[in-house]
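Given next are the chains, with one letter for each unit.
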Amino acid sequence: MLIKKREGSASQSRLSETLASVSAGSVDRRTFLKRSGLTAGGAALAGSMAAGTVRRAEAAPAAPDAKAEIKKSICTHCSVGCTVNAEVSNGVWTGQEPAFDSPLNLGSHCAKGAAVREHAHGDRRLKYPMKLVNGKYTRISWDQAITEVGDRLLKIRETSGPDSVYWLGSAKFSNEQAYLMRKFAALWGTNNVDHQARICHSTTVAGVAQTWGYGAMTNSYNDIHNAKAMFFIGSNAAEAHPVSMLHILKAKEQNKAPLIVCDPRFTRTAAHADEYVRLRPGTDVPLIWGILYHIFENGWEDKEYIRKRVWGMEQVRAEVAKWTPEETEKVTGVPGAQVRRVAEMLAKNRPATVVWCMGGTQHTVGNNNVRAYCILQLALGNIGVSGGGTNIFRGHDNVQGATDMGLDVTTLPAYYGLAAPAWKHWCRVWGLDYEWVKARFKTPELMEAPGIPVSRWYDGVNEAKENVAQPDTIKAMVYWGHAPNSQVRQPELKKAMEKLDTLVIIDPYPTVSAVLHDRTDGVYLLPAATQYEVDGTRTASNRSIQWSERVIKPMFECKADHEIMQLFANKFGYGAELTKNIKVENNVPVIEDILREINKGAWTIAYTGQSPERLKLHMQHQQTFDKTTLKAVGGPCDGDYYGLPWPCWGNASAKHPGTPNLYDTSKPVKDGGLNFRALFPEYKGESLLAVDSFPEGSELPAGHPGVTFGMLKKLGFEADFTPEELAVIQKIGGEKVDDVAWTVDMSGGIQRVAVKHGIAPFGNGKARAVVWNFPDPVPIHREPLYTPRRDLVEKYPTYADKKMMRLPFLYKSVQDRDVSKEFPIILTSGRMVEYEGGGDETRSNPWLAELAPEMYAEINTFDANNAGIRNGDMVWIFGPEGGKVRVKARITERVGRGVAFMPFHFGGHFQGKDLRSKYPQGSDPIVLGESTNTAQTYGYDAVTGMQETKVTLCRIEKAQA
Amino acid sequence: MTERPEKSKSVLDRRAFLRGVGLSAGAAGAAAMAVGSSNADAKAGTESRQGAGYRETEHVRRAYEAAGF
Amino acid sequence: MARMKFLCDAERCIHCSGCVTACKNEHEVPWGINRRRVVTINDGKPGQRSLSVACMHCSDAPCMAVCPVDCFYQTNDGIVLHNKDLCIGCGYCFYACPFGAPQYPSTGNFGGRGKMDKCTFCAGGPEEDHSKAELEKYGRNRIAEGKLPLCAEMCATKALLAGDGDMVSTIYRERVMARGFGSGAAGWGHAYGKKG
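Residue numbers (this note's numbering), protein chains in the order written: chain H, 87 to 1047; chain G, 463 to 531; chain S, -8 to 187.
Calculated directly from the structure, the hints in this document are not laboratory data.
Wrong hints could be hidden among the right ones.
As the list claims (entries may be wrong) - In silico DSSO-like pairs for lysine-lysine, Cα to Cα no more than 30 Å straight-line: (1) Lys639(H) to Lys36(S); (2) Lys36(S) to Lys970(H); (3) Lys974(H) to Lys36(S); (4) Lys36(S) to Lys314(H); (5) Lys153(H) to Lys128(S); (6) Lys686(H) to Lys822(H); (7) Lys524(H) to Lys686(H); (8) Lys157(H) to Lys128(S); (9) Lys416(H) to Lys36(S).
Using the sequences and the accompanying hints, generate a full structural model.
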């Protein structure tokens, strides 16, 4: 028989159990629909209905509906940025049609994208505000919610200081919402504001930006069509970014580009690889240096490129020399011959693209890993080249945008940082008095001090007050669009949730935050609208910004996130300041105005030319963009790159087309060309400016630092400025007008004039192979905190314990404890195609839930047989810090010997206990399961505080039935 | 409009086909025919002639174009 | 006359199940019924390949041959449909089908089956096109709307092709020529005979 049940018959009994435990509505929609007694147009006020009742019209019109209109939204899952063509009839989302015109997805969707309509029907959504009263979620009004939550938070602000409230934002926000939230936190008076990027690609953003300028994907999914080889490390694109495979497989087929996949698991991506490299988790740097060893040994590096554009390669060479084939194999487990073969493939198939994801980033040495990948590409001369690049696939649909908008403990919007000049710049943009904003903070020092990263917020609660470098520990947590089960050390997190004064969850779904703790009061659930219920822009991984149109009005009593921000700001007394230059209609700030304010201030990454009008025009004329170059050919957007990928220099009237491939000197800057940023023009007297390398057509054919007004004057370009621009520059600069830089000139004149003369505003420097301001200037190998290879700890030890980001960060003291005997199996985690993130949304979607009804662990056959575990058995997985999970065993060769894997999307079970009854009635996800993070452990990147989820240790035992 | 005759034809063919099935399958088919005619064929003479059957519309052409990508 | 066919290119299929949820979404297919599903062989090992499978709408359809109530019929486009009013849920078609396509909604007491349900090639059923009855029993009728099956239209990697058999083979052939290899059109011989 060709067909068999998807996961074998083992899952059948569980499937029916799951089926039995869910409400009829999700099991048989059609019956439900037929019976639902449809109110006119489905516009009945859900607010007046009982929990579990949903507002809905007939799901699909019988006839192709003449009245149906197509709304163009963007999928709210991964970062590919697939256009969703939503069919809407009488205000009800009735169908999805393929968006063939989108150059990013050409109509394609994965399981999640093809099922997004369900989220907007949302049987299991949060429907109205609720609070926990004596252990039961009880309905309250929005007024009561804002008043009560507001009063509680204001009281904490009064007694413990503003830093004792943690504002955790979301990669699910639009750019406008992310920006507004960052501003909102600033006006509250804290830098304790973060989002998912911290635990997904923070090491990438930091490491890559420090290497050559911007911490983002350099090229695009589409540009992979031009790759001659593809090197994936720690990326399972087939499951995490399925539609990207459209572009990847095209390169594989069309260019015969070898696909090399390095991963501890033989993933669905690996199944399509020409070369699969199985490495031990946590040995990325040795593998890359092992490859580079052969490249240097054979002289395959691009010497001219390195001379012109790279600084510090000699120091790297010295480190690489240690990684002989023998040492590489000893540490990584990859056969020497294979390492050489891969090196040769990369050397002989140029340009190659390098792709990585969380397999590389989520390590204590995450920042080392990403810089090693960058250096590999620099050595091969593959950066700034079409078909090359570091194509870092971001995770969520707007994690790139939310990062750009500074929803982050270390910076204001657009990577300005937290120093006084950055605050002054943004205060000018906001039209607010710097001194007034400063007074919002407890102290001026705290205003400029990075906050506690989200990966550690619970330590900010649990730690002794004297160990936390702020006036008091965290007393209130606002989970605004973030799943708690995607964070390691769940038992600690649970404890913190219980210790808090107030826990606020603002989300379309209750999330695991609603049930993980054993609180009986002080918890509020506020229903937020999804991105399908609001307008806004979101930034795909390739930096293209897409205007996403509202499909339907917010459902039930849900409110748009930006409306909730305005309501809280009003309550806190800074509503007028929050939206001083932004129109507010009915408490809803106007999205276009927020974007215009972003355009007015985000010069560092030139999020300035992307006006609402230009972005809307792109969405309307998607079909005019070439599906490989992303450039519009003819039509009203002629010459623009799709979504005006940043940097889009100057303001909108400068009509810059966006930058499709970063650092590409083959094009003029005005046409999307660029060079490496001159972050540091010199080091210890040595110049770091580019040599003999500059963008095509540059009138300053040399390396140079970031552009200032004075520099342009010296070059004789003063006459190019308009009187209006000069007036603005004069006003900003005062007596030091010559010092006004490209980053703070709000007229856009400096960028416009520089670009006109072919000059990159951010300077023209060399990429830094050595980042002297990081703990390991040249990336080196350090064994994970929990390693089974105790024999390597002495030679490759982790860092010394230290303090940063207001908290102690432990390394050596954790690694010193040898637990490898009791916990002999490496545990790693990753994604499944059906679910995303913490999975609350996707596990509530019956079309997806049915495909993946249970949590599981992949265990190698060898290890399973040794432990007497058979396929389908329930097992306990114990972590070395006391956490344990009860999951189903999936015996497979997908993981190597000594390695186990669990997906990270599950939640709602905790250490064997089913928490379903704790959800607000009718809002429990269809599928619940243990979170892998309950068993996962301590370990944080030494630069960004990224959690180490990709390698720890565990013990696996068969569970008694 | 040019598609209309073809559409009508295919619907007719479908009905003819059903009838054919009824004939060839004897009693069971004939019994089925009665059920079928009570609803499926009730309006066959009018609206059901609309739109049936494959044709290469612009949508279909775009789908092929995307598939060939 | 166009002849509708499905083809799944195993070199492209990544088992993302987009086809499965697209189908669920388009037709509001209830929990437990999978008109389309993805099958992976050699899972986790070299040689792993995935295929999306549904009713192939065979030329000489075995389901039609064995149905005791003759509820199947084939449209002029070669699409194999059935009449749920006639279906007695006996399950013979399931045994006959080489692709395991037929699905049954309920497993009630004594193993009774409900009316059979399967992929319609997004072409509805014997009811009037776009009627409420057609929608409820068979789902939307995209073919009548001038569209193709949504599973293929939304396929993440364009692995699943659907439409006029000539177009489908042309697209596939060009792809195989470009890449120099193909894993064959799985199931084509079985479904459409040697002629294709």
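So, going through the hints one by one against the coordinates:
Proximity of Lys639(H) to Lys36(S) is assessed by CA-CA distance (about 47 Å); at most 30 Å being required, the pair is judged violated. Proposed proximity of Lys36(S) and Lys970(H) is supported: the alpha carbons are some 29 Å apart, at most 30 Å. Proposed proximity of Lys974(H) and Lys36(S) is supported: the alpha carbons are some 20 Å apart, at most 30 Å. Restraint check for Lys36(S) and Lys314(H): satisfied, since their Cα atoms lie roughly 26 Å apart, inside the 30 Å limit.
Between Lys153(H) and Lys128(S) the CA atoms are separated by roughly 24 Å; this keeps the pair inside 30 Å, and the hint holds. At roughly 22 Å between alpha-carbon atoms, Lys686(H) and Lys822(H) fall within 30 Å of each other, so this suggested pair holds. For the hint linking Lys524(H) to Lys686(H), the alpha-carbon distance of about 21 Å falls within 30 Å, and the restraint holds. Only pairs whose Cα atoms come within 30 Å are accepted, and Lys157(H) paired with Lys128(S) is accepted, the gap being roughly 28 Å.
As the CA atoms of Lys416(H) and Lys36(S) are separated by approximately 24 Å, the hinted pair is consistent with the 30 Å bound.
In summary, the structure is inconsistent with hint 1 from the numbered list given earlier, while agreeing with all the others.
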